[in-house]
Each structure stands twice: as structure tokens, then as C-alpha cells.
Amino acid sequence: MKKLLYLLILCALVLSACGTMSAKPPAVLRIGWAQGPDSLNIGVAWLASAYTISELTYSSMYELKLDGTLAFDLGTDVKRSDDGLIYTFTIREGVKFHDGQTLTAKDVAFTYNLVKDHEDFPTLHSYTEHFVSVEAPDDKTVVITLDEAIPNIESKLVFLYILPEHIWKDHSAGDAAATFENLEMIGSGPFKMLEYKPNEFIRLGVNKDYYGGTASLDEVIFQIFSSNDALVQSLKTGQIDLITGVPNTSVELLKADSNIKVVSGSPLSPDLADIIFNIADPANCPTDDGGLCTGHPALRDKQVRQALAYATDKQKIIDIILLGMGETGVALVPSGLGEWFNSDIKDYAFNLDTANQMLDDAGYKDTDGDGVREMPDGSQPLIFRMNWPSSDTTAPRMAELLSETWGKVGVKLQMQGMESDALTAICCPVYDYDIMLWGWVADPDPNTLLIIPTTDQIPTGYNETGYSNPKYDELYEAQGRELDHAKRVEMVHEMQAIIHEDVPYIIPYYAFAIEAHRTDRFTGWLDNETKVGLEDPSALLALKPIE
Amino acid sequence: MNRWHLLQKKALWSLFTIAFVIVLNFFLFRVLPGDPARAGIKDPRLTPETIEALRTRFGLDKPVINCFKTINPLVLGACDVNPLETQFVIYVKNLFLGDLGVSYYYNRPVEDILKERLWNTILLIGLGQILAILIGMAYGIFAAWKARTVIDYGALITGLIAWSLPTFWLGIILLFWGSSHGFPISGKSTPGMSSYPLMMQIGDLAKHLFLPTVTYTIVYMAEYMLIMRSSLLDVLSEDYILTAKAKGLSVFQILKDHALKNGMLPLVTVIAINLGYTVGGVIQIESVFSWPGLGGALYEAVNRTDFPMLQGAFLLIAVSVVVANFIADLTYSYLDPRVQTG
Amino acid sequence: MTSEFILEVKGLKKYFQAGSSGWFSKNGKQVHAVDDIHLQLKHGEVIALVGESGCGKSTLALTLLGLEEATAGQILFNGQDVTHLADKEKKEMRRKIQMVFQDPYESLNPTQTIQEIVVEPLVVHGIGANETERLERTKKALEDSGLKPAETYLNRFPHQLSGGQRQRVVIASALALEPQLLVADEPVSMLDVSIRAEIINLLAELQKTRGISVIFITHDLGTVGFFADRVAVMYLGRIVEIGGMNDVLKNTKHPYSQALLSVIPVPNPRLRRKRIILQGETPNPVNLPSGCRFHPRCPIAEEKCKQQDPHLFNLNATHQAACLLLENYQ
Amino acid sequence: MNVQLTESSPAAPVQRVNYWKIVSRNRVALLGILMIAVAVIVALFAPLIARYDPKSSEGISSSDVYNPPSAKHWLGTDDVGKDIFTNFVYGTRVSLIVGFFASFISIVIGGIIGLMAGFYGGRVENFLMRFTDIMLVIPDLPLIVVIVALTKASLMNIIFVIGIFGWTTTARIVRSQTLAVKSRKFVLRAKAIGAGNWHIVIHHILPLVLPIMVVNAILVVSSAILSESTLAFIGLSDPTAISWGQMLNFAFSRGAMSVGAWWALVVPGFGIVWIVLALTLLGNGLEQILNPRLESHHLMPGRPSFQSEAEAAPVKTGKSTAPVLLDVQNLSVNYVSDGKVAQAVRNVSFQLHEGELIGLVGESGCGKTTLMMALTRLLPAAGEISNGHVIFHGKDLAALTDEELSNLRWSGISVVFQGAMNALNPVRTVGDQIEEAILKHIPHFPPKALSARVEELLDLVGISAEHKNHFPHQYSGGMRQRAIIAMALSCNPQVVIADEPTTALDVMIQAQILELLDELRKKLGLAVLFVTHDLGIVAEMCDSVLVMYGGVTAEYADVDTIYNAPRHPYTQELLKAFPDLTKPERRLTSIPGSPPKLDALPPGCRFAPRCPVAFERCSKEAPALHRLGENHLASCHLVEA
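Protein chains in written order, with numbering that gives the first Met the number 0: chain A, 0 to 546; chain B, 0 to 341; chain C, 0 to 329; chain D, 0 to 640.
In isolation and in its complexed conformation, chain A is listed as follows (with noise of 0.2 Å):
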């Protein structure tokens, strides 16, 4: 019987689908993604490609637009008060989630107040730091009151995407947020959930009654490959338009295609690969929060850091590594985060003479002849241990390179790939490593990335260095309560100014985002921007089927 009825369906479907597919063709836009989202609930995502769904499902304040600036998406009008700690906001009147209940300044409220709430939204959480209450005086009125004046509160809302609440208002006590799977991700944004296999694919449908204008689309579909080289057979194959995490080595090759467009750029969410050094001072270990600062002393000292950027050849690893898709890096703010990168700065150039001048004038010397160099007391060689997070596969091409131009100023490297839970246990605030490979992903507000070196992030484990210096911590503290943008901007830039001068870090290239896509079947790409990526909407609302 049962059997009879899944036939019976079987054939209803075969039929339906027989109807559907004589008429005319939808306009698909096929997307491939090597990796899917972990989770729809964006309270407890963690991966860029949850992010960029949630940026096409749902609306928020602000939106990320493609030459990195915040506009207004959500929002129509902001009030400051003059001591900078309340905020109101006006938002958009008549917006409708996808369910067709009307969006209101309660479900805003609702919102940031969640997220405020649940520390177990890892990363969300965070931009609600300073929130002391978020009410909604009425339907289109959002008043956020603050307990510190902060001059970029754009940048906090833009990734708080307005959850509906009737929906999440039985979902939002306890634990029931985080482990709330979301499958329906009803939102308010341009494309609307049709279908999720995980790890399979995303269907979205685009919202007709969206505010911001109706795409020529009719479905995305991000189909996940779960390898690299499936994604880009399929690119050549023209089973999916657009890949938006191209291999930089398949990169030659899809160029040789004349249908296929590549394009690179600086990406809006950069990745930053930082060669890190332990310089937490034994003196002033964070021994409460286990601390055990076993870093090499050689590294404590600046010189030794400065000789070792100039012993970096920063062009060789773009070229081999990244096979020349990115820029040499400078300091901590990339260069995609547009005016908050300091493009004064006149890095390290590659020089081992100046590297090994450096060495010997700073008493590093060879007694003992072996080819590498020892502390000026004798005491111990300069042989680092070099650790990375093993599921990194450039990370080790990257250490060879390091370890030969290295090993040419008498500086030898024990490598070894690690976990990332292993590494982070060595980390910090630990302090148990010498140097590192690792990276941040970077928001479009530099302040995530200035607050890494301030003393008060060693005991956190958010310092990994373990650098202090007061007049950064104090400039840190300065651009987070100044207002006048132009002033903060010129802040920030003396930071990365001190932070290159001490040399924490080594910033060895800022890797550029690399899309591609088939021209043969959509126009109105944004290809002639240099900036790439999905965050912002309007990127595939532009797009037009060719008939």
C-alpha cells in the first residue's frame, strides 16, 4: 500500500516536473562554492559562505557596499546624541519578511537584543560589546543606548542581520538559540530559502517584493564541490557561472578560456596571513591564565625581527605561493580595508645584507661556526620553532621559503604543522611557541584588528604576540572613542605605523580575492571593479540572462 503511494507520488512528480521544464526556462544563476555554510543559524556560523547567504537572505542597518564603504540598507535615518551614547535609528516602513509578515523596529530590538544576550554566539556577540539596551519605541524606531561612546557603530550592525521574531521568539531562551537549525532562514533580503541540502546545495529564489529592487534572476543556486578542482572542471563544463574562491593555480588556465572572465582583486573580508612572533616577556607572563612564555629571547628583541623582515622575500612567496594573485603586505590593517590602510609606509625591503648587518651589529654572531648564529652571550642558537595549523596547505610551502631565505642570515627553523587546537593551546595566552603561521579574517572596521596588539589582550589570548606598548595601547584607546572620522583615520595609520616599526608581526602579503565567471550566459558582471566577492547584494541583482 505504501509502496502504491510512493509510486503514485513518483509519477506526480515526474509529471510536474514534464510541465514545469516546457515552459520557459527560468534564469538560474549556478554558483560554486568549495566549502557550504555551517550552519543557517547565523547566531553560531562561523564561515564566510554562512555570512554570504545570510547577506542575500536577510537585511540589516547597514550594508557593505563593493568599494568598502557602509551604506544604509535597513536604515533611513541615524540620531546621535552629543555624548555619543545613544543612538536612534529610523528604519525602512513596510518591509516584509519572506513570510509575508511586515518587518518592524520590534524585530530589530529583538534582534540585537538576542544577540546581545547569548554569549554563546561566538561571533556575533562581540558587536553588542558596548550595547547597554536596545529598545523600539515604536514600529519604525530603534533606540540603542551604549555604555562607551564608539565611533563606528555602522561597522557593529552591518553583520547583525534582523531576525524575524515571531519566528526566533521561540527559540530564543537558553540554548535553545544556538542549537536552533534555522532550516526555513525566513529574512527580509533579496533572495528567499527554497532548498538546502547541506553540503549539497543552496537554492534561493529572489524575493519579488525585496525593497532595494528585483533582481532579472529568477534562482541562485550554490552548489558545493567538495574539492577545487571539481569546482573549476565545472566552471570549464559550464555546469555553475561563477566560482568566487578560484585556485590561484587554476587561474592561467580558466584565462585561457574565452568564455570564462577572471577577476582579482583586494577582497572586502580579507584574509591576513601573519608570520607571528612570541615576544611575551617572561617578566610579566600572564602565569594566571597558564601562562609560560618559553619564547626564544632572540625574538624579544627588535632588531632580530626587523633583520628577519628584511630577510623575508616577500615577492618570492606572492609569486611561488600565491603565484603573484596579491600585494606584499605592510602592516596589520590590509590594504583592502581602503583608507584605513596606511599607504605611507615604506616596508622592509628584501635585503640580506642589511638582514645580516643587522645580526652582527646587534652582537648575534656565529661562534661556533656551524652556520647558525648564537645569542650575544653565547648562551643559545638562533633556532626558532615554526608551527602552523595543519589544514593550511600553503602555510608549509610558505615555511620552507622562510626557513631558506632565513637560514641565509644564520637563523634555522624547526617546522612543524600542528591542529589548530593543538597550536592554539600552544599559543596564547601560553605563550609555549616561537613563531607561528597564522591569520585573521578582517572586518570592514579596522578596530577587530588594532585591538590584537594591546596589552590588555595578553591575558585573553587575543594578543598573540604578547606585544605592549603603551603609546599603541593608548592610540588604540584614543581612535575607539574619537568621533571626527578623519582624525580616527589618521590614528589608525600611526598604529600600523608603530606595529611595523616593532615588527610583531611579519605581514608577508595581502592575497587577493580571485572570482570567475562565464561570460556566455549573464551580462552586467561587475568585472571591471577591482573588488570582488557576493557580500554585496546588488553584484547579482545587476545580472541579466543572455536570451
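Please keep in mind that the hints were generated in silico from the structure rather than gathered at the bench.
Just so you know, these numbers come straight off a predicted model, no measurement behind them.
A hint or two may mislead.
As the list claims (entries may be wrong) - Per label pair, the in silico range of CB-to-CB distance:
1) A:D217 / B:L83: 53 to 59 Å
2) B:I150 / A:D217: 57 to 63 Å
3) B:K255 / D:M420: 21 to 27 Å
Unchecked claim - Think about it this way: if two alpha-carbon atoms lie no more than 30 Å apart in a straight line, the pair counts; the simulated DSS-like pairs of lysine-lysine are:
4) A:K207 / A:K543
5) B:K206 / A:K196
6) A:K486 / A:K64
7) D:K184 / C:K89
8) A:K235 / B:K255
9) C:K305 / C:K9
Cβ coordinates follow ideal geometry from the N, Cα and C atoms, glycine included.
Dock chains B, C and D against the given chain A, drawing on the hints supplied.
Relative to the frame of chain A, chains B, C and D by itself:
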């Protein structure tokens, strides 16, 4: 000892092995370097409160077992803790309720994820094993029958070479070939296929299944062929084959009625013993072909330090192997009357 | 020499656990391999033990050498109780009791040379002051065993020798220790008929020249007839008849012995003997029949045989048999 | 077991030469050794062979990435523009180091566990083997992956973890070998001479376990190498040591596939296959040497029969007036191996009459069994009938096609084989195996009557019907032999060939079987050819006796003549060596020496070297078969009239 006794004994033994695996599985992740708590948290930029909240959420705030707060690093704790409040007891209890914890990565219950993946793996292993056994056996029998001929030497050489192929490499090579011959090179289905008619979905699945299955089949077929060949060579020199020949039976009759079953006995043992090893091959195949199965889950979990997932996948794999082993033992006792009634 | 007998066995029993005992199962069944054996052996005497497989004759031999631990009873060697000895004393005792095994193909380690095999007992017991002395002894033992000249054999391996030569090596290695008692467990049954005689003759000769006592286990009485003094017939762990060679062969009394001897083929086509063929097979030594353990197969069993377990009755000074029907023989 | 590996013994040089000889004769092992040698040389001299420094990226730019093979880079370049040939050469080192050390750990652990379990037995064994079973069931690769992932992937760690989980098979193999060695009599003998446990393990067990451990070690090395490369491929490898798996990992995860850089994928894999195949070949070769398999099996096609000599006048034997059933004339059988021909049977003739029982006697190796097998062409594949005829009902069995012969087998001539356990298929019931024979020759035997017929046959040999559905292992030795007789009679044959049917049976059971055979023969009027070495049985059962020596007829006569007036010295000597229970005081003599090897037959009379009365002519000229009476033939110069 009769068969029922044997079955009881084997079943009991399998249960004991599973219990051992459960204990091993729990403590392995707490004894080895690497902190499950830190792994679940991933990112050092979190505030201490957030870390605490996450620890609580994943149940890592409780003592591991009585007297031990953590095992690595060794931190002794109170011994008068309610045993029901220790991680181990909770873990075991949850296991019995079918709860393998929440994946750090997917934020979904591990059992839900593994359930989907278990079937994919069973599909791949099942099909691969069946093909490998059938082809390997047929080939092995043929080679043994034609012993000391070109056919036999050919079989032996190709068998040894195939046996020496690293599974993942064979997979890569086939993938390389397949990618230029229109075969899909990753996953289980073309994304979006589920909106197409069933027949197309099956065709699509078959296309995706082709290369991984071929890889699996080649690797294990070679082994089964070699075993079948050598075991049949032994059988064929037994006196009862001479008896059968003296009775006037034809070669085909002798192979079918006297050699096959006897020759299969060592094969069944090897299949049983090799199941644990087979799983290793599945990890390789699934990671090369990105097949969404248990082996792939294990591989991904390693890369993502998703401890609950790793633990769950390992447990499921180990238990499946124990169960499969049990089945193989039963098969053996069914095939060999000396075990049933001896 | 403190005793008239070199070996005295009193009520010796050796039971084995039946089946395998694992962690999960245990059964209390026992195999009664040797069950209440009484035997006396004089200095320089040769006794033949005969019986079918499973009658316990090999187990008896192993128990006598202390290679199996006796379950009950007593073994006196030169009047001294050797039933349960500590390892060191056991080692000392083994110097005096040696064994020749059935299968010369199996009882020589294929990786050792003949020299190593024969010298091994000397090394183990620390006999001989140095290498040279031990080598001399080795050569002598080999030549005494008929492997002449010894030098040609020293560096060879067992597989390079014929079956008869191998058995000679086994004998040489046993004799190197100059034992007082030799237990030979079917030493020729694996050899071709044509060379059996030479091994038997060798043993007989050595026995005579060295005056050692021999327990000769066999299922073929014809081969030892000329040199065994006495014969003991065993059935299901018991001696059922024992006596001088001629007593037992010519005046067989126990119905089992009679049957056993009647079915041993004789190479004489003109001799038409009455063969007593027992039906069925020797019962399982786990579940012994009640009463006389031979009664279920006995052609002349009476009712009382089912109840009463007979002991050995004296038929004459040297001849005894365990059959209830012989109770009042004299 | 013919291989000696002990090196401490004084005669070691002899052994080593032997060992090498044996190995070098095995082509598979030799190929493996050569392939390993190449790998070892490459590993040792890597810096000389490699064309670049693997650690240097001097002069590499982005245009060097994934370059195809060229004169500059013989095997192309990898994802960071390095020379693949160089990396490949250095990768050999890692594989060999990991393979060797990891397997060393495995072998030591497995060896100790296996030896202890095998030697001590009991609780120790139970515990150790249960533990081994658990470790065997737990999938090791996932476990290794998990542990290496959680610790760090240094070469030491990888070696250690692979080593620690690779011992299970070794433990099992060593245990079973130890058990096998322990149960051998020489261990008991060592105990009997008073040797202690330690002495026994070192001198008796280890030398025999070692060869198998070496073979196992070779296979463990290969699986360790595979494990290492798999780990490296998954991304768990030591970054400071280039390994093949790591090369594959970089190539695979860094786009070689999409770029089409096959060289980056094929080359490292080739290295793994090379070394694993080499080890596998060597392991397999050594295993073949340790456990030599028979060169042939029973289903290999036999060699065709032919006539090598001119037709001779037929030899008549037997005084029976009954019709001749089986007429064997000048039958010769050769064994051919490696082109060498050995004469196993030469020009044997006899006639088997209806109801007659002929005994075929002689020492082992005199061609009795070969003759018997040749009659129904059941010879092993190396055997061939090189002359003569076997006439049965007017058909020459030596010349029939396989199919015609199949039809005659069992229904015309059936065989009672020696060693009843092995002659019955252990996984099929006895009844089933009897039915099978009936159905083969009478395909339309009424199914209903079939079961009754089988029961009738079993009843005939004294087995009750309830045993019909039992398996051979449930039978006792005597019952099995009875069952085989029942099976032999199932198709009502006229001739039964019995090949030592009672060897290895106890005398009482032997008597039962012989009596049964005799009864059946009389009841069914069978003609029987009885092969045995027991002169007692022959005397009691046979009508005529054919004494064979070295493949030829030594003497043929009726049984009384053979025992009371033998003419051939061999027959005479044989009788003197055979014990007679009725004459216990008689001292036996033996025939010195042993029968000739078939491939080294003496010139002249084959018995001459052992013959007590041989004279000069005997070693030069082979005697002809002389007729001494109506029914008496002997081949000896002394009987020449």
C-alpha cells in the same frame, strides 16, 4: 560447542569489543594532546565569558570522571562528584539514547549528519565489496584452475600490482582520467539534481558512484583474487578433489561442488579480518572523490578539529566493523560445518 | 641403588580437562587418559607396552618423564618419589630417564645440525668440562648409535639424513646423557618396514651393553618380541594384562589381549587363525563404561562385568590380568 | 621447512649459501630484492642522484610552477616550481625510514606478544589474543589518523604511531607459528632432556618462528609505507621531510588536477607502487619458499599418453579361469618436470580376473601408487603414461578421451583412497557425496529411491542411516573409511582399487575394515587391486601378489609361492624384515639403504645396490622378467634358467 553457543559467545565478544571502543573513544580524545574544549571554540579572539558559555553548551565544564577534572592536562578533582554528572557517564548515557553530541562545525547533532553519511558509505562499500568479491573470486578460481599457465601468471602479476597500488593514488589517477571523460569528479550527486525526475537522479548517482566504486573494486578485488587463487590451489590439491575426479565428475562440477565452498572459507576469514583495514581504504576513496560518507566525515572532522564529529565517526566506523565482523563470523560458521557442529 | 626396582608406579592417574575452557565456558568433564596404573620395572628390564591409540600408553610415558603432571598416584624412581618435583630436581631426574620419540622427522629441530642436537643435552646439564670433551662425547654417542664415522654427520642437518639415520640421531642424543631408563615411544612405526629391524636391533644392543632399563611403547608386538622381557597390554588407561613375553603371547588370558593379538596380521598365508574382531570402537575416555571398562565390547562379558571393576588378578608369579572371569583362575 | 636462518650455528656458512641459493631460484623474490635494492641505492645516494637541492627555491619564479617534464626538469615541477625528480629521489628516504622503523616496532611488539601467547598458553594466551582480536577489529587507519592529528605529525610520531598499531597480524602469525612449533616433538624432546623455557624459546622456537617473522616483517614494512603515504596524503606529514604522500597531497590540494599536471600526481604514486610492489613480491616469494606449494593440482590437464616401445607379446598372469577384467600390459609411467624425465613405473604387466584380489607390495617410493593412479589416469599433471595399455572391457584406458574415461571411472573402476579424512570433502555431508557419485553416472536415478540407495550402501558397510546427513568430521576414522568404501561401491563397479585403505588405522579397526572388504568382495564378486606395504595383510587376504621395486615388477606369484618360495632377493629380504607375532623370538634383519630415487636409477638391476647376493652382472645389465612357473614371474639374473 554448538552453533547457538558460538553465536552467543561471538555476540558477547562483539559487545565487549564495542564497549572497549566506546571507552577508548572517550578517553582517547581526552588523553591525547589537544584540548577538545579549545577545539570547539576555535578562535582565540572570544571573550572568556563566551568560552565558558560554549564549554557549558558542549558539556565540557563537567569533570571527566570522578576524581579527575581533566585528564590532559591532568587536573585532579573532587571524588565525591555525582557520577551521573561526569562527562563519561553523560557520554555513555547519551550514546544509549542515540545522542552523539553536537558537531562543533555544523552545529547540528552528530547523529543526524552521520546517519545520512552512513548510508552513503554503505552504498559505496556494499557495491564495491560485492563487485570485488564476485570478480575477485571468479578471477581467482579461474587463475587457480589454469595454474602455471599464462592466465595464472598474468592474474598473479596484475593482482600483486593492483594490491600494491595506494588506494588514494589509484583514486587520483582514475579521477584524472575520469575528469576528461565526462565523469563527475566529486560528491554523490550533481547539485540541484533532487529537483529532477527519479530516473535521472539514479543515473546521476550511478555516474557519481562509478569512479569511487571502480577504485574500491580494483584495490580489494586484487586481494580477494590472490586469496581465492591461493586457497583454491590448496583445495585443488586436496585428496577429495582427486576423489571427485575419480568419481568421474567434470571439471566444472568439481569446481562448483567441491572447490568453491571450501576455497571460500579463507576468503571469508580474510574479508572479516580486513574489514577494519577496508575502512581505511574508504577514508582515502571518500576524501579523493569527496564522497559524503563516514570516511569523508572523519577526514573532514580531522581537518576541522570537530571533536564530536570525529568521535562519532570513529565510533560508528568501529562499531560497523565489529558488527560486520560478527556477520562474517556467522557466515563462516554457516559455510563450515566443522564450526557448526564440531 | 637403593631399590630392587628402577621404576615403581603406584596408582598413577592422569586426567585432562575435556574441551577448551575459555573465559566464558567451563565444563567439568575429564579425559581419563591414564587411570590407576601399577607397574614395576627392574634394573635392566625391558617392558613392552601395547595397546591401540587412545589407550593412554603415550600419556603414561610423558607422565613418567614428568612432562605431564600426574593427577594422582606415585612414581618412584630408584625408590625415590619423583611424582612432583621442583624444576631443578626434575632436570636432574631427566638426566637419568630419557625418551625416544615416535617420529624422527618431527623430533629433530630442522634448524640445528646433528652436532648441536646431540650436544644439546650435555650443554643443558653442564656435562663435560669443555667444548672438546663434549665433542668427544657427541662423537662417541653417534658412533655408538651406528652413525660412523661421526665426523661426516656432525655438520649435517636432519633433512639431509634418511629416516633411519634420524632415529639414530635421536637415540644418540638420548644416550649422550647415559640414562638409566629409556622410554621409547613407538620408535619405528614411522619408518619403512625394511629398516625397522636395524633400529630395534640397535636399541636391543645398547640395552644389553649398557644395562639400561627400557619401556618400549608399541602397537606391534612382533618387532620387540625377541628383546622385551615383559609385555603390558593397555586398554582405556588401564593395564589389562601384564606378564612375561611368552606368557602373554602364547597364553593370552584377557579377552581384549586375545582379540588384539588375533587381529595383528601375520605374514604367513598358510596360517589360518581365528580372528576375534571386536565391533565398534574404543569408547571415549571421557565417559567410561561402568564396571569393567571393556565389557561393552567383550565377547564373553557376563552380567557382573557391568557392575564390578576388576583389578589385576595373579595368574602365575609373573602373569596378571584384569578380568573378572579369571578371578579364580588358579 | 627447508630454510634455515639461524646465523649463530657453526655451520652457518653452509646455510647461508643454501638460503641465497633458494631465494635466487625464486624469480619473484629475486625481482623484489632487485627492486628494493634500487630503492635503497636511490635513498642512500639521493644527493648524488638528485639534480637540485630540495630545500632551495633559488631562481624559482611563478612561471616555474607545474612545468611539464623537460630537459631541465625531467619529471616536471610541482606547485611551488620545484623539481619533482629531486623531491621524488629524496622521498625514497622517508618511505624507507618510516617503513623500516615502524615495522621494527610492530614486529618487536607483535613478536613478543605472539611468542608469549603461543608459548605460555592458558590465561596469558587468552588475554593477549583477545586483546589482539580487539585491536584487529578496531579500524587502524582511522585510529592512526586521529592520533597523529591530535599529537603532532613529526616523523618520529608517525613512525611510532604506525608501529604501535601495525603489530596485530604479526602477533597472530607468530602465535600460531609458535603454537605449531611448540607442538612439534623436538620441543618435547628438548623438555625431556631437561632444557628450561628460555633455552627452548631461544634454541627451538625462535629459529623456526623467525623465517615467518621475516616474511611478515616485509609485508608490515610495505603496509607501514602505505600508511605513511596515506597519512601524508591526508595532510598529516612531517613538513621537514619530503615524502611521496606529501608530494601527492600538495599536488592534489593545490590544483594539479585542474591544471592537468599529471606528472605531479603520477610520479610520487609510482614511487609508492614501486617500493610496495617490491616488498610484496619479496614477501610473496619468501612465503612460497617457506611454504612450498605443490607444483600441480588435481584439475590441471594431464600429459597425453603415448607408446614409446614396440608392442611386446602380452604377458599372462594368474591361474584363474575367470575372465580377465583388467589387463595391464607393459605399462610405463614417467614424471616430467623442468624437462627432466624420471621413470616411475616401467613395463609392468598383470591381469586382474573377476573376483581376484591382487596385492601390490613394496617399500614407499617403489611406484605402487603411481601404477595405481595410472590405471585410471589420475596421475598428477607431471605424470604421463609413456607406454603400454590398460584394457578394460576391450577399451584401452590409456587412450580414451577424458570424457569417455570420466564415464568409466567409478561405474567401472572405483578407488578406495588412503587417508579417509582427506578423501572426503569436509564441508559436504557424507550422504551427499555418495549421492553425487550415483547421480553422475545414473543421471535419472529416481530421486525418491536415491536416499534409500545411499542408506542401503551405508548399511552395507555397517553405518546406520542416521549418519547419512553427518559431515566427515563427525565420523570416526574407521567410519570414514567405511563411508569411502560405500562410496566406492555406489555405482556397482567391477574393479576396486584400494590404496593402503587401512594405513593409519588401529589394528582392530584395520581388522574390521579388511573383513568388510573381504566380505563385500565375495558377496559382490569384485576384483580388487590392493596396494599395501603390510605383508601380513597380503598374506591374509590376497590371491596373488605383485612385488614392485624401483618401478619394475620384482616378482609376481600367487600368495603361497611368494611367502614360501620367493625367488627374488628383494622379496626374500622383505620377508626377513617383517615381524611375525607367532615367532616372537625371531630376530629381524633389515635391508640396508633405501629404494632408488626415480631420477637417479642405478644402471643394471635397480635392486643391485642393496642386494646381498648381487654380482657383477647385476650392476651392468637390467634383468628381464623371467617366467618361473605358470603363475610365477621374477626379474633377477639369478633365476635365469
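Worksheet item: Okay, which hints does this one fail, numbers in order?
Response: Hint 8 is the one this structure does not satisfy, whereas the remaining hints hold.
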